[in-house]
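Order-wise, the sequence lines are chains A and B. Residue 261 in the numbering used here is what sits at position 252 of the first sequence, and the numbering runs on without skipping anything. Residue 1482 in the numbering used here is what sits at position 394 of the second sequence, and the numbering runs on without skipping anything.
Among the hints, a few may not be true.
[To be verified] Quick partial rundown of chain A residues pointing at chain B, CB under 8 Å, derived from the structure:
(1) Tyr18
(2) Thr74
(3) Lys126
(4) Ala129
[As the list claims (entries may be wrong)] Within a straight-line C-alpha distance of at most 27 Å, the following computed BS3-like cross-link-like pairs (lysine-lysine) qualify:
(5) A:Lys108 with A:Lys126
(6) A:Lys195 with A:Lys138
(7) B:Lys1575 with A:Lys108
(8) A:Lys108 with B:Lys1434
(9) A:Lys50 with A:Lys126
(10) A:Lys50 with A:Lys138
Hints were generated in silico from the structure; no laboratory data involved. Think of the CB as a built atom: it goes at the ideal place given N, C-alpha and C, for glycine as much as any other residue.
The lines below spell out each chain.
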Amino acid sequence: MPLVMRWLYLLLLLLATLWVWGGFAPPAAPATEPAPADLDKIRVTPESAGLRFRGTGWFRVYLYTPAGPIVGEGQGEVLVPYRRAGLLTYRLEAGARSKEGELRLESRAPVTPLAPKVGARAVRVGGAKNPSLVIHPLDGAANVSSQPVEVRVYYPDGRTWSRTLPVRHQLAWTYFPSGDKTGVLKVVVQSAGARAERAEVDVLPGRTVAADPAAQKPAADADGRDRWQLTLGGVRDRLGNPALDGLAVSGVGGGPLDVFVTRPANQGRLPLVFPPPSQAGNYAFEFFSEDFRSAPQPLLARPGLRVSRLPLAWEGRVLVIGPVEDARSALPDDGTPARLQLLDRQGRFLLEETVVLENGRARWQPPAFAQPTWVVVELGGRSSRLEVPAP
Amino acid sequence: MNVLQIKRRVWVAALLAMSLLGLAGLRALSELFQVAQRSEVTEQALNLIEPRRAAKGRLEWLPDRPTPRPLQRFRRDEITSDYLLAHEELSHAHLTGEATGLRSYFHEGALEDALLMARGPRGVLVDWKHRLRLHFYAPDGATVAFSDTYWYAQGFPGRAARLAERQLEVVMQLDDGNWRIHHWRVTAERPVLAATLAAATEDLRGINYQPRSAPFELFGPAYNPREAGSDLRTVRMLGLGVVRVFVPYPPPPGYRERLGDFLELARREGVQVMVTLLDHYTRYRLEDFPGIFAHLEEIAPLLRHPAVWAVDGKNEPDRDYARAEEGNVVEFLRLWVRAVRHLGGKPVTLGFIEPAPALIPELDIVSLHHYGSTQALRGRLERLKATGKPLLLEEFGFHTQRLKIPDPHTEAEQAQYYREVLELCRRYGVGWLAWTLYDFDRGTMPGGRGVERHLGVLRTDGSLKPAARLLMGEAVTPPTLLDSLIKRAPFALLGLLGLLGLGLAVWGWRRWRRRRAGPKKPD
């Protein structure tokens, strides 16, 4: 075998062996422990980076944290990078000896920025539910500081409200009044020199308790063309703040008036225009929204067709109605119904029928009866009676 | 280049290729091994979670302190779930070093701590019996503050395990639909440390007890108080003051009532009881601690019963070294002994065959089991006396199975063995508990060993063997040559019959050969 080939083969074999050995490589063996430290002389100092244990000689530290144990070991000095405040328990080991210890680490002064949580983002003035503030003032190691928190609230009307809050259970909190005026309320907190961004709360009107209903046109013809006109104005809360645009206002007709409408009010005002029903008569209408309900508004529906002339004549056995004219001497609409009643001598109903007008006219032939009969025609508020000719 | 050179080069190339292939195969094997290791860790992590979820009383809410608004039930359920999941994730990270999931449950300072821990040494961390008390529920429904008092156990391979009760103040916040731990702070920590109780064993005379009607199932459904009372009277009649009994884990339903009844019977009869716990348990996993601790809390009031003299944490744990690894067994028992003493308030021992040196400082009484020669026992007692702890020969015995091959014993030999053991115990000031009260003619024996049926000092019919008379203080005749001959007579008879049969077989075979050969023809 040539010399070069031999060396190449050996080199490849060596590289391959190293590669394989890497796969099976056992974990690094722990360093041998030098002279153990005197556990009673080990001192612990809290630092910003963690807890520093100092002694003479080699020792191991177990720090028991809520997240689990942290272990550090070293010669003369061990830094355990744990920064949480509260009770810290540890165990020191050196050689065959061990010792348990504990220290209580206080949090430091809070640092900027503080992060207040203000809720809700919008509240109603004078409402039952006031906005609240919760804050965890954190120090540089993300511990909740025990320093009290000053909170100051600025209202839209220029007034202020302030409190000093203690920190308990790793938080400070308070409710604060929402004030009497709508607008934007500003919250500022401060703790031992640390500050936060200003928090804002929209103060909205309270629940609607008052409004002024008015009827611009309370009477209309029940002819399908005429309209009633009403307005609800001055929609406001207990403190007189006008309602927000978009507040839902509903209206409902009482009795036979089968109407229910819901519309948004703008600028505290809601105009309503709607036709009366086909039935003439007196009606009532109410507005309501949140805690407000208006008094019933009286509305009048006049008859839609007022007939001034209702001519009737017999052509043989056929009754001819018309030409009919209304109060304005116009022919009624085609399809306008006329009611016909056939009565006997005693006035008892024998028959009732309806015919419709076409060009103001209609024809009708009553059935033949052995006894004398009368016919009554009703149309647009007028009625006429005449005897049916004998067959 | 001649043919020889070409041949050489081909050979070198082939050798090189084969070597490389071989090495690549080895490398692949190592990768496979690593994958298998990772799978094992994953399986361990699952095993870590499941027993904890199954443990009774894992979390309870104590009555709330006044809060700005009441915590609705569904919110409380959400918080409970996410808080427990956070602890499970922590345990998983502790075991595997996998920190990915921690961000789902921790934030701010708590996340910093959790990530720090995930970089630490691998080990088992279990927590249980969380008792939460709500201090604050924010008006906006997104922040809670509560205190949590819970137990935890943690262990690293090869290092001392820890058992403690901790009180923690926690702030959780609702972030993107999940409750996360943002801030926490330890307010109290009560580790259960090694603290021994005084116990005297010098004058202790007792016996291990299994009922004849249901051996090894004393506190099972077949428990018979009439039989137990009668047996306790028998124990008293034998001049003994202590019985050792066994409570299995997991325990059978109704065991507490039966154990309570038995202790009351023992108190009435003036017999003290040593209760052995965790019988049949062989896993020794810290992961099982939540369930085992719940069992201990359940049984603890009974351990404080005046009839209980001491508690044996586990019977013969050294038998389980091969199955559960010695290190795991020792660290598990270290915590277990502390827990039993903490909650039971009675002296504690472990029923080792040979006590583990690492656990001797934890014990109030050092126990050993011995079924060998009295010479060997002398050596063991001398060695263990040096520990300075009260010693208890918790089990010793001598079977009386006459037809046991190759080691038949007689009742007289049993009495002789007892005499020698008791003399040694007296000389070294060691208490003792004989194994066992009765011979058994029914039930399943440990390991299916037949001799276990013949270790009693009383026969199955309740009559006294010579060893029992010895315990009562009566003089017992030592075994004679005749005893020895009688003991071996059945075997001698069998041997003779065997020889006779062999002779007959040889004689028959020769006869058959001769017949087959027939008469010799004349030349």
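Cross-check of the supplied hints:
1. Tyr18: With a minimum Cβ separation of about 6 Å from chain B (threshold 8 Å), the hint on Tyr18 of chain A holds.
2. Thr74: holds, 6 Å
3. Lys126: Holds. Min distance 7 Å.
4. Ala129: It holds, given that the least Cβ distance between Ala129 of chain A and chain B is near 7 Å, below 8 Å.
5. A:Lys108 with A:Lys126: Violated. Lys108 of chain A to Lys126 of chain A sits at ~44 Å, over the 27 Å cutoff.
6. A:Lys195 with A:Lys138: holds, 17 Å
7. B:Lys1575 with A:Lys108: Status violated; Cα separation ~60 Å.
8. A:Lys108 with B:Lys1434: Measuring from Cα to Cα gives roughly 26 Å; hence the hint holds.
9. A:Lys50 with A:Lys126: violated, 46 Å
10. A:Lys50 with A:Lys138: With a Cα-Cα distance of about 58 Å, the restraint between Lys50 of chain A and Lys138 of chain A is violated, given a limit of 27 Å.
Hint check: violations occur at hints 5, 7, 9, 10; the rest are consistent with the structure.
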